[in-house]
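**Q** Read top to bottom, the protein sequences are chains A and B. Mapping the first sequence onto this note's numbering, position 97 (from 1) lands on 97, and the numbers just tick up by one. Convert by adding 264 to the 1-based position in the second sequence; the result is the number in this note's numbering.
Hint data in this document are derived by calculation from the structure and do not stem from the laboratory. Backbone N, C-alpha and C define an ideal beta-carbon position, used for all residues, glycine too. Certain hints may be false.
[What the hints assert, rightly or not] To give an idea of the interface, some chain B residues facing chain A are shown, with a C-beta separation under 10 Å as derived from the structure:
1) Gly344
2) Thr345
3) Lys401
4) Thr408
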Amino acid sequence: VSPAGAGPEAGPGLRRVEFVMGTAISVQLCDPLPAATLDRLADQTFDWLREVDERFSTYKVDSEVNRLDRGELTAERGSPLLRDVLDACADLWRATDGYFDAHATGRLDPSGYVKGWSVQVASDRLMAAGATNHWVNAGGDVRLRGGPVPGQPWRIGIAHPWEKDKVAWVLAGTDLAVATSGTYERGFHVVDPHTGQAAAALCSVTVVGTDLGTADAYATAAVAMGTPGLDWLARLANQNGYESAVITEDGRAFTSAGLPVVRE
Amino acid sequence: MRRGIATIIGTAVGTVLLIGAKYGTHTGAGAPVAVDEPAQPVAAPVATTPAAARAKKTARSSSAKPPASPTPPRSGLKDGTYRGSGGQEAYGTIFVTITVQSGHVTNASATCTGCEGRSVTISNGAYPTLRQETLAKQSANIATVSGATETSNGYRASLRSALEAAQP
């Protein structure tokens with residue numbers, strides 16, 4: 001169900017999709033490396049994402065997150081990765097006036113940060129291994145580096161909430177983290193942690209920056225804020241350089257001034 | 265029809281954000297202009313709504329240029345103060361008032377009846393705001409898509425069934 005034009009066939013390199021964390025994760029590598037090297041890098045990427053799922057899934061009974069939530073484990077005795085994630089969630093809780101809340105659903109659920117963070121780490125590792133032209137897309141959260149061919153940026157669509165085969169914007173860049181949160185699919189709710197109610201005013205919020213875990217958390221927080229999230233995102237762009245694109249439930253569209261959008 | 269009207273009102277409200285940011289003016293959006301006036305029906309005062317709609321155009325075209333542009337675009341607006349008809353939001357009715365001087369919108373403010381603490385957040389121009397634009401529908405040549413669909417329960421359910429169907 002990918003929008004039209006979403007998949008120009010890859011030239012050199014490798015494209016692989018696997019199902020981890022309850023969603024489809026796609027990896028595109030474009031560097032002219034030996035096939036065996038590209039295969040190994042893709043294997044390592046998905047091994048890492050499966051490790052994250054084992055540790056942080058709320059669906060897996062014996063994940064670290066579930067053991068911590070049940071009181072069978074303390075943060076101090078958890079893995080360094082667990083402590084890093086808990087620290088980051090606490091920082092983001094403060095940075096978002098409490099609107100990003102890993103306890104919003106009444107239990108510990110850091111998945112609003114973990115998906116983006118794990119893709120960010122995967123992309124960082126690919127860079128370090130010499131794969132400097134790639135993108136990783138985990139269920140709509142994208143970290144991209146370089147481009148499809150030397151000197152060309154990647155072009156990334158932002159999904160149109162109601163037209164499944166269309167995009168609302170096209171972004172271009174060589175080093176972007178792009179995260180989208182929204183309410184436009186039935187069954188998916190962002191809860192305002194201050195009221196316990198599902199937030200509805202902002203149908204789709206995309207945040208663009210350098211760190212995908214942070215962008216993911218900011219996008220989720222803005223959806224939870226509802227209409228005041230528009231002003232909060234504007235301040236965020238001014239102060240932190242995280243740009244944004246928003247579609248409201250009544251079909252209005254908003255962008256921050258520095259969004260790397262392609263106007264054709 | 266109803267949606268068309270809602271769109272006009274919606275863009276008028278967006279104008280407030282834009283102009284407030286541009287001129288850095290804040291005319292006390294929290295203080296209603298005419299609270300004692302009964303809320304006007306959305307469709308009735310036709311004369312006021314086009315003014316708000318034209319104001320939107322002005323604001324958008326001038327936003328593309330710095331305020332100090334030596335040759336500002338001619339907007340054709342008549343000088344004066346115009347109060348738009350009430351725009352229904354889920355949480356209240358919004359009224360936008362604009363001021364036109366020398367053919368350009370120099371101020372805009374919004375009041376909201378029934379909003380109780382929400383209108384101030386969306387209408388004052390004390391800090392920069394996001395720009396409103398037309399929601400586009402594109403079919404573009406792109407590498408991949410960012411969207412919220414794939415984290416939804418609906419997506420997961422569909423994915424699960426697809427994977428089941430794909431079992432050998």
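**Q** Give a verdict on every hint.
**A** Do the hints match the structure? See the list:
no.	hint	verdict
1	Gly344	violated (27 Å)
2	Thr345	violated (25 Å)
3	Lys401	holds (4 Å)
4	Thr408	holds (5 Å)
Violated hints, listed in ascending order, are 1, 2; each of the other numbered hints is respected by the structure.
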